[in-house]
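Protein chains in written order, with my numbering: chain A, 1 to 115; chain B, 1 to 113.
Note that these hints are calculated values from the structure, not bench results. Since the structure is predicted, the reported quantities are computational estimates derived from the model, not experimental observations. All residues carry an ideal CB built from backbone N, CA and C; glycine is no exception. Any given hint could be a false lead.
Claimed, not checked - If we take Cβ atoms under 10 Å as the criterion, some of the chain B residues that face chain A in the derived model are: (1) Ser33; (2) Gln41; (3) Gly42; (4) Glu48.
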Amino acid sequence: EDKVVQSPLSLVVHEGDTVTLNCSYEVTNFRSLLWYKQEKKAPTFLFMLTSSGIEKKSGRLSSILDKKELFSILNITATQTGDSAIYLCAVGGGVGGGSNYKLTFGKGTLLTVNP
Amino acid sequence: KAGVTQTPRYLIKTRGQQVTLSCSPISGHRSVSWYQQTPGQGLQFLFEYFSETQRNKGNFPGRFSGRQFSNSRSEMNVSTLELGDSALYLCASSRQVSTDTQYFGPGTRLTVL
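Isolated chain B, as found in the complex (with noise of 0.2 Å):
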């Protein structure tokens, strides 16, 4: 069974602009979660979505945003990009939403310059 995949793996981007990571779940799997983390925050929940519906979100700017599909894949974004986000964002995802063991993708590593 394949594991959850991200794209891209490695992403360089300028103050200001936006960006869009991607997602695809373990099959069978509808809920995906998102993080960011940092050495000095460690991982932080940014949101979590199941049956293409946010159902939970973290303590973060409007700036980041996301969408999930009918066929679970999700995407987030993040607009007007700040030096500041720079982290490895991991998605993550279980069979139901709200569900304990969540299982992560490899990560994107955002660089903001």
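Same shape as in the complex, but just chain A (with noise of 0.2 Å):
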């Protein structure tokens, strides 16, 4: 069975701190790597990744992929109130691809940041 595990499952930080968020991964047919934000409402789509070792940047948003070791950071610098969110990471996979393909999320990283 497909698993995206994320860790810490909360965090309380100060603004001005760097937070990290992981995520692991064990998902047939690996195709992509996704991070969401959800606040009170719908997920905001944040980065796709696909290949190891490329940084994807977002103003203090940051996140890398390793596919040898199957997981994933969310690095957010210079944190803001407006960060605290729930993160999600979503893995995009399936068993024979194509019509099997759907996505798998972790249970997500609450992010509290107090001023």
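Each of the two chains sits in its own frame; use the hints to bring them together as a complex.
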């Protein structure tokens, strides 16, 4: 069975801190890894990673994938209270690919940034 | 460009009833996936529809069903509701079937009493 594990489950930091969120996976026919941010509404897309070792960056957020060790990290530097959210990791894959492809989500990391 | 829309946003039902949720994808997106999100289990895949056909299904009982219309709008139905069906139901759309980047709607919060 496909599995995605995120750690830590929750994290409380102060504004200005740097945080690292972890995502490890065991997915058949891996195709991609995605990060989403979820506040009190729909998850919003952050990054999609398909190749090992290539960092994706967007402002203070960055992410990298290690396909050999089957994990990814999401870094947030100089955190702000607006970064408080659940961060979801999802891995795309599936037996046989094609129509069996689906996204498997981790349970998320709840990040709280205090002023 | 309008995002994914879901209706209704909130719903309260009692055990044994049935419910139908609706999802309109982003214009031009032809694939719609449905997920159930609960505090204990996180986001779990229900099924995906493309061109009015179910293309993939998660590990949920047959009480959970769906369909897609020719305009790509999708509905999800849950029959014989149980307390454990209380959850946030999210739909996500993408351009093609099984495409990696999915864009989510705001969800329907279902409470079963």
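Comparing the hints with the structure gives:
The beta carbon of serine 33 of chain B comes within 7 Å of a beta carbon in chain A, closer than 10 Å, and the hint placing it at the interface holds. Of the supplied interface hints, the one on glutamine 41 of chain B holds, with its beta-carbon coming within about 8 Å of a beta-carbon of chain A, less than 10 Å. At about 4 Å, the closest approach between the beta carbon of glycine 42 of chain B and any beta carbon in chain A falls short of 10 Å, and the interface hint on this residue holds. Using the Cβ-Cβ criterion of 10 Å, the hint placing glutamate 48 of chain B at the interface with chain A is satisfied: the shortest such distance is roughly 7 Å.
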